[in-house]
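Q: In order, the protein sequence lines correspond to chains H and B.
Here the first sequence is numbered in numbering that gives the first Met the number 0, starting from 0 and rising by one per residue.
Here the second sequence is numbered in numbering that gives the first Met the number 0, starting from 0 and rising by one per residue.
It is worth saying that the hints were derived from the structure and are not from the lab.
Yeah, the Cβ is synthetic: ideal placement off N, Cα and C, and Gly gets one too.
Please note: incorrect hints may appear among the correct ones.
Claimed, not checked - In the BS3-like style, the derived pairs of lysine-lysine whose C-alpha atoms are separated by at most 25 Å in a straight line are:
| # | chain 1 | residue 1 | chain 2 | residue 2 |
| --- | --- | --- | --- | --- |
| 1 | H | Lys28 | B | Lys9 |
| 2 | H | Lys119 | H | Lys173 |
| 3 | H | Lys119 | H | Lys28 |
| 4 | B | Lys175 | B | Lys104 |
| 5 | H | Lys175 | B | Lys9 |
| 6 | B | Lys175 | B | Lys130 |
| 7 | B | Lys104 | B | Lys130 |
| 8 | H | Lys173 | B | Lys9 |
| 9 | H | Lys85 | H | Lys56 |
| 10 | H | Lys12 | H | Lys56 |
| 11 | H | Lys119 | B | Lys138 |
| 12 | B | Lys153 | B | Lys175 |
What the hints assert, rightly or not - FRET-style restraints, in silico, Cβ to Cβ:
| # | chain 1 | residue 1 | chain 2 | residue 2 | range |
| --- | --- | --- | --- | --- | --- |
| 13 | H | Glu3 | B | Phe55 | 33 to 41 Å |
| 14 | H | His60 | B | Ser59 | 48 to 56 Å |
| 15 | H | Ser152 | B | Phe55 | 52 to 60 Å |
| 16 | B | Ser59 | H | Arg23 | 50 to 58 Å |
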Amino acid sequence: MSSEKEIIERCLKNDIRAQEFFYRLFAGKMFGVCLRYAGNPMEAEDILQEGFIRAFKNLHHFRFEGSLEGWVRHTMVNTAINHYKKQLKFQKEVVINEAMAFATNQDDGLSQLSVGELLKIIHELPLGYRTVFNLYVIEGYNHREIGIILGISENTSKSQFFRARNAIQRGMEKIKYER
Amino acid sequence: MEENQHLENKFRESFNDFEQTPPESIWEGVRSVLHPEPRYIGFWARITQMPQNSRFLRISAGAVAATIILFLLFLWLAYGNHRTIRGHAYAGEIRLCRGTAYLFKVEDIAKPFDSVKHYRSSVVDDNGSYKFINVIPGKYLLRIIPELNSTFYKIYEPSWFDQHDSLQAAHTIEVKSDDLEVDVHLVAEPNRIKK
Chain H
0 MSSEKEIIER CLKNDIRAQE FFYRLFAGKM FGVCLRYAGN PMEAEDILQE GFIRAFKNLH
60 HFRFEGSLEG WVRHTMVNTA INHYKKQLKF QKEVVINEAM AFATNQDDGL SQLSVGELLK
120 IIHELPLGYR TVFNLYVIEG YNHREIGIIL GISENTSKSQ FFRARNAIQR GMEKIKYER
Chain B
0 MEENQHLENK FRESFNDFEQ TPPESIWEGV RSVLHPEPRY IGFWARITQM PQNSRFLRIS
60 AGAVAATIIL FLLFLWLAYG NHRTIRGHAY AGEIRLCRGT AYLFKVEDIA KPFDSVKHYR
120 SSVVDDNGSY KFINVIPGKY LLRIIPELNS TFYKIYEPSW FDQHDSLQAA HTIEVKSDDL
180 EVDVHLVAEP NRIKK
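Put together the whole structure using the sequences plus the hints.
A: Here you go:
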C-alpha cells in the first residue's frame with residue numbers, strides 16, 4: 000500500500016486486504032488509547048473493536064485535512080465516551096460540587112512508575128473519574144468541553160478530575176509501599 | 000500546583016506513544032461485521048465447517064454409510080445372482096422367423112408338471128433369437144410358439160424344449176450360477192412336412 004489516500008480509497012471500496020492493513024497500522028496505538036479509558040483489558044478490546052467498525056463505516060467523512068491517525072484516534076475516543084455514557088446508565092456516579100485539593104506533600108515517585116503500573120492505577124479508577132482524567136490530561140480538553148462531551152456540568156468534571164488525581168496519588172503510594 | 004503539573008506531564012509522556020498489541024480476535028470481530036458470512040450455508044459447507052468430533056457429523060456419516068450398504072445389498076439381491084437365458088428357435092434346419100418364447104417356472108421340483116407357473120415371455124426376432132434377462136436361479140420350462148403371420152405357422156407346432164409337443168415330455172432347464180444358451184427345435188406338424 001503506497002499512501003494513506005490509496006488505503007482509504009480501497010477501504011471505501013470494501014477491500015478486505017486494505018481494511019486489514021488499515022487495522023494493523025493503527026491497532027497497537029488505538030488499543031493503548033482504549034486501555035486508558037477502559038476499566039480492564041476486556042472492556043478495552045470491546046471499545047477497540049467498536050471503534051474500528053465505526054472508523055470504517057465513517058471513513059468517507061475523512062477529508063484529508065489532518066492526519067489519518069489523529070482522525071482514527073478521535074473516533075476511538077468518541078467510542079470510549081459513548082461506552083462511558085452507556086455504562087453510566089447502570090452506575091450511580093458520585094458527584095461533588097466542591098473541588099478537592101490535591102495533596103502536595105508527597106514524594107515524587109512518578110518517575111519510578113512504569114506504564115503498566117500507571118494503567119493499573121487508571122483501571123482502578125471509577126468510570127467517571129477515569130474518563131474525565133483521560134479527556135483532560137491526555138486529550139487536552141478543558142472542563143467546559145468535557146462537560147459538553149459527557150453531558151455533565153463543568154463543576155462535576157472538575158470535581159471528578161480532582162478526585163481522580165487523589166485516587167491516582169493513593170494508587171501510587173500503594174504501589175510504592177508494595178515494593 | 001507544580002506537583003499536579005508533574006503528575007499530568009508524567010501521564011502525558013507515558014501514554015503519548017503507548018502501544019499494545021490487541022488480541023487477534025479483535026480483527027476477526029471487525030472483519031465479521033464488515034464482511035458478514037452469507038446466511039445460507041450449503042450442506043457441504045456445513046459438513047466441512049463442523050468440528051470432526053461433531054455428533055451430528057458422526058450420525059450423518061453413519062446414516063450415509065448405512066444407506067449405501069443397504070442400497071448395495073438391495074442391488075445384489077435384486078440383480079446380483081440373476082442370470083440370462085438366450086438362444087435360438089429352429090424350424091428344421093433354419094431359424095424361426097418371428098414368434099414368442101414363454102418361460103415357465105417349475106415351483107415344485109417333486110411335481111414339475113403340476114407346479115408350472117408362467118414366469119416371463121420374450122419376442123423371437125426375425126433371426127430366431129430370444130433372450131430372458133435377470134432370471135433368478137431355479138428350474139424352468141421353455142416353450143416357443145410361431146407367430147400367426149410366420150411362414151412356419153401351421154407347419155411347425157408350438158414346442159417345448161428341447162423338441163417336444165407336450166408338457167409332460169418337456170425337459171427342464173436349470174439356472175444356477177451361469178448364463179445359459181438354450182436352442183429350441185420346433186416339432187413339425189405330422190402331415191405338413193414331406194418326408
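Q: Each hint should be assessed against the structure and marked as holding or not.
A: Structure-based check of each hint:
With a C-alpha separation of about 18 Å, the suggested pair Lys28(H) and Lys9(B) falls inside the 25 Å cut-off, and the hint holds. At most 25 Å may separate the alpha-carbon atoms for a hinted pair to count; Lys119(H) and Lys173(H) meet this at roughly 11 Å. Only pairs whose Cα atoms come within 25 Å are accepted, and Lys119(H) paired with Lys28(H) is accepted, the gap being roughly 18 Å. Distance hint between Lys175(B) and Lys104(B) is fulfilled; the C-alpha atoms sit about 14 Å from each other, no more than 25 Å.
Of the supplied pair hints, the one linking Lys175(H) and Lys9(B) holds, its CA atoms being roughly 16 Å apart against a limit of 25 Å. Distance restraint check for Lys175(B) and Lys130(B): the Cα-Cα separation of roughly 17 Å lies within the 25 Å cut-off, and the hinted pair is therefore satisfied. Restraint check for Lys104(B) and Lys130(B): the C-alpha separation of about 16 Å stays at or below 25 Å, so the hint holds. Restraint check for Lys173(H) and Lys9(B): the C-alpha separation of about 18 Å stays at or below 25 Å, so the hint holds.
For a cut-off of 25 Å, the pair hint linking Lys85(H) to Lys56(H) stands: about 20 Å separates their Cα positions. Between Lys12(H) and Lys56(H) the CA atoms are separated by roughly 11 Å; this keeps the pair inside 25 Å, and the hint holds. At roughly 95 Å between alpha-carbon atoms, Lys119(H) and Lys138(B) are farther apart than 25 Å, so this suggested pair is violated. Distance hint between Lys153(B) and Lys175(B) is unfulfilled; the C-alpha atoms sit about 35 Å from each other, more than 25 Å.
For the pair Glu3(H) and Phe55(B), the beta carbons lie near 48 Å from each other, so the given range of 33 to 41 Å is not met. With their beta carbons about 49 Å apart, His60(H) and Ser59(B) fall inside the hinted range of 48 to 56 Å. One distance hint, 52 to 60 Å for the beta-carbon pair Ser152(H) and Phe55(B), holds here, with the actual separation near 58 Å. Take Ser59(B) and Arg23(H): their Cβ atoms lie about 39 Å apart, and the range 50 to 58 Å is violated.
Going down the numbered hints, you'll see the structure goes against 11, 12, 13, 16, while the others check out.
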